[in-house]
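**Student:** Produce the complete structure using the sequences and hints provided.
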Amino acid sequence: MEKFRNRDLKDIKSTPFGYTLSIIGGKWKMVIMFWLVEYETLRYGELKRCIGQISDKMLNSQLKELESDGIVIRKEYPQVPPKVEYSLSKRGWSLMPILEEMCKWGEENQI
1 MEKFRNRDLK
11 DIKSTPFGYT
21 LSIIGGKWKM
31 VIMFWLVEYE
41 TLRYGELKRC
51 IGQISDKMLN
61 SQLKELESDG
71 IVIRKEYPQV
81 PPKVEYSLSK
91 RGWSLMPILE
101 EMCKWGEENQ
111 I
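With full-length UniProt numbering as the guide, the letters of the sequence shown map in order to residues 1 to 111.
Be aware that one or more of the hints could be misleading.
[What the hints assert, rightly or not] Okay, the calculated beta carbon distance ranges per label pair:
1) I111 with D11: 32 to 38 angstroms
2) Y39 with V80: 20 to 26 angstroms
3) T15 with C103: 20 to 26 angstroms
Simulated from the structure, these hints should not be mistaken for laboratory data.
All values reported here derive from a predicted model rather than from experimental measurement.
Glycine included, each C-beta is placed from N, C-alpha and C at the ideal position.
**Tutor:** Below you can see the structure in the form of structure tokens.
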């Protein structure tokens, strides 16, 4: 953290920390990633049921962002009705140690 102390706070987005937050930040991205780790591959409806209170618009938006950032792989099967599956990419899996440490912190500090 020492190397960030002399930076202008308005410039946080240009730091490695800011970049990481731009990828996993927000209310639902880490939740989506959690469920994709738990089940490895989920269809859209399964993912929506796991998450619970998320609108279709928000889930679609978050999945598109995760896919464009190379975190989630979307696999579409050419069939009727359409079948789409989501899973974590290699890049997505590389974020798991960070999320595991967050879980560990939660276990140790949950009141």
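**Student:** Is the gap between the beta carbons of Y39 and V80 within 20 to 26 angstroms?
**Tutor:** holds (25 angstroms)
**Student:** Confirm or reject the claim that I111 and D11 have a C-beta distance inside 32 to 38 angstroms.
**Tutor:** Since I111 and D11 have Cβ atoms about 34 angstroms apart, the given range 32 to 38 angstroms holds.
**Student:** Tell me if the beta carbons of T15 and C103 are separated by a distance inside 20 to 26 angstroms.
**Tutor:** Holds, since T15 and C103 (Cβ atoms, about 24 angstroms apart) stay within the stated range.
No hint from the list above goes unmet by this structure.
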